[in-house]
Amino acid sequence: EPEVTQTPSHQVTQMGQEVILRCVPISNHLYFYWYRQILGQKVEFLVSFYNNEISEKSEIFDDQFSVERPDGSNFTLKIRSTKLEDSAMYFCASSDRWGTGELFFGEGSRLTVL
Amino acid sequence: SQQGEEDPQALSIQEGENATMNCSYKTSINNLQWYRQNSGRGLVHLILIRSNEREKHSGRLRVTLDTSKKSSSLLITASRAADTASYFCATPGDTGNQFYFGTGTSLTVIP
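First to last, the protein sequences are chains A and C. The first sequence begins at 671 in the numbering used here and counts up by one. The second sequence begins at 4 in the numbering used here and counts up by one.
Source of the hints: derived by calculation from the structure; they are not laboratory data. It is possible that some hints are incorrect.
[Unchecked claim] Listed next, the stretches of chain C that the computed footprint assigns to chain A, with coverage defined by at least 3 CB atoms under 8 Å from CB atoms of chain A:
#	stretch
1	19–25
2	47–59
3	73–80
4	91–97
[Stated by the list, open to error] Derived pair list, reagent style BS3-like, types lysine-lysine, alpha-carbon separation capped at 25 Å:
#	chain 1	residue 1	chain 2	residue 2
5	A	Lys712	C	Lys73
6	C	Lys29	A	Lys712
7	C	Lys73	C	Lys59
The C-beta atom is built at its ideal place from N, Cα and C for all residues, glycine as well.
Turn these sequences into a full structure, and let the hints guide you.
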């Protein structure tokens, strides 16, 4: 069964460092998302992406965040200068439909900022 | 906020019992989805119900939607220990470009 894969599964970084989280969405999906979940808390929307551009972003997704689809398979989330409060689980998701499509999630990348 | 709110926050039941979780939301929607998350894992889609549907079944899952009350419920019948997980409702945003997740219900099924 096709799945969304994320790397790394866990990254530890120092405050102020840049981090890139990688995702390989399901191959025929066109809509991509990043969510984050601080430990034990709710799942928060960060950004949606379609046709090589951001469709929607939340207030969390400030200038420190960026997304990119550098090739036909990868979808990346970059945090330029990490803060302690960026520590969370980051989930990538993809869908084949807009608005009514099931979201397929990866297993997440746990980011720990020290 | 457009996010749903699940109720209760935590639920503990014996294996074999039914579990009911509720979700309330604030804006008009064209569909609502339920997801499950095992501890430390990604979310898995369970079921989608459209705004013109009142009830939907999938195996041991039964979902209802009341658009007049802006609420939905997820019923898991004959629960199993393997059903232990967090359950989230998700609603589309205004533009359909994103889904907002609720705060989740943590379900524990005791063998």
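Hints violated by the structure (listed by number, smallest first): Per hint list: 1, 3 violated.
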